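Chemist: Using the sequences and the hints, build the whole thing.
Mapping of the sequence shown onto UniProt numbering: position 9 corresponds to residue 9, and the numbering continues sequentially without gaps.
Just to be clear, a hint being listed does not mean it is correct.
To be verified - Using C-beta positions, here's what the derived DEER-type ranges look like:
(1) I81 x G35: 21 to 29 Å
(2) G35 x G6: 29 to 37 Å
(3) L13 x E65: 28 to 36 Å
(4) V66 x R34: 29 to 37 Å
Because the hints were derived from the structure by calculation, they are not lab data.
Just so you know, these numbers come straight off a predicted model, no measurement behind them.
Using N, Cα and C, we set each Cβ at its ideal position, and we do this for glycine too.
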Amino acid sequence: MDNGYGELIEVTLTVNLKVEGKYYYGHLPIENIRGLKDEKTGEVVTNAFTTGELDFETVQCEWDEVEDGQDLPVKPLLMVIGLDCYGYGT
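Modeler: Here you go:
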């Protein structure tokens with residue numbers, strides 16, 4: 001760390017963190033997809049698709065919170081991991 005006089009000094013930094021993990025289940029918006037659809041099963045085989053925007057507020061308000069290891073209504077096709085940081089005083 002610069003001490004203000006152009007010299008670097010050693011500092012000790014102590015941080016207390018509270019880390020939480022939450023799991024949510026919902027549908028990621030698909031904006032564009034190219035592939036083949038099986039008309040009998042409704043399944044799509046694709047190698048290219050574009051998702052819509054996804055933000056933490058939408059996930060927390062509109063998706064279902066689930067417990068780790070909980071059985072879901074359908075098998076997830078895609079798992080997205082996101083990180084968010086809540087600062088002091090927020």
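Chemist: Look at each hint and say if it fits the structure.
Modeler: Against the structure, the hints:
Distance hint check: the CB atoms of I81 and G35 are about 25 Å apart, consistent with the given range 21 to 29 Å. Judged by the Cβ atoms, the range 29 to 37 Å given for G35 and G6 is violated: they are separated by roughly 60 Å. Between L13 and E65 the Cβ separation comes to about 34 Å, which falls inside the hinted range of 28 to 36 Å. Hint check: V66 to R34, Cβ distance near 31 Å, so the stated range 29 to 37 Å holds.
This entry does not satisfy hint 2, going by the numbered hints stated previously; all others are met.
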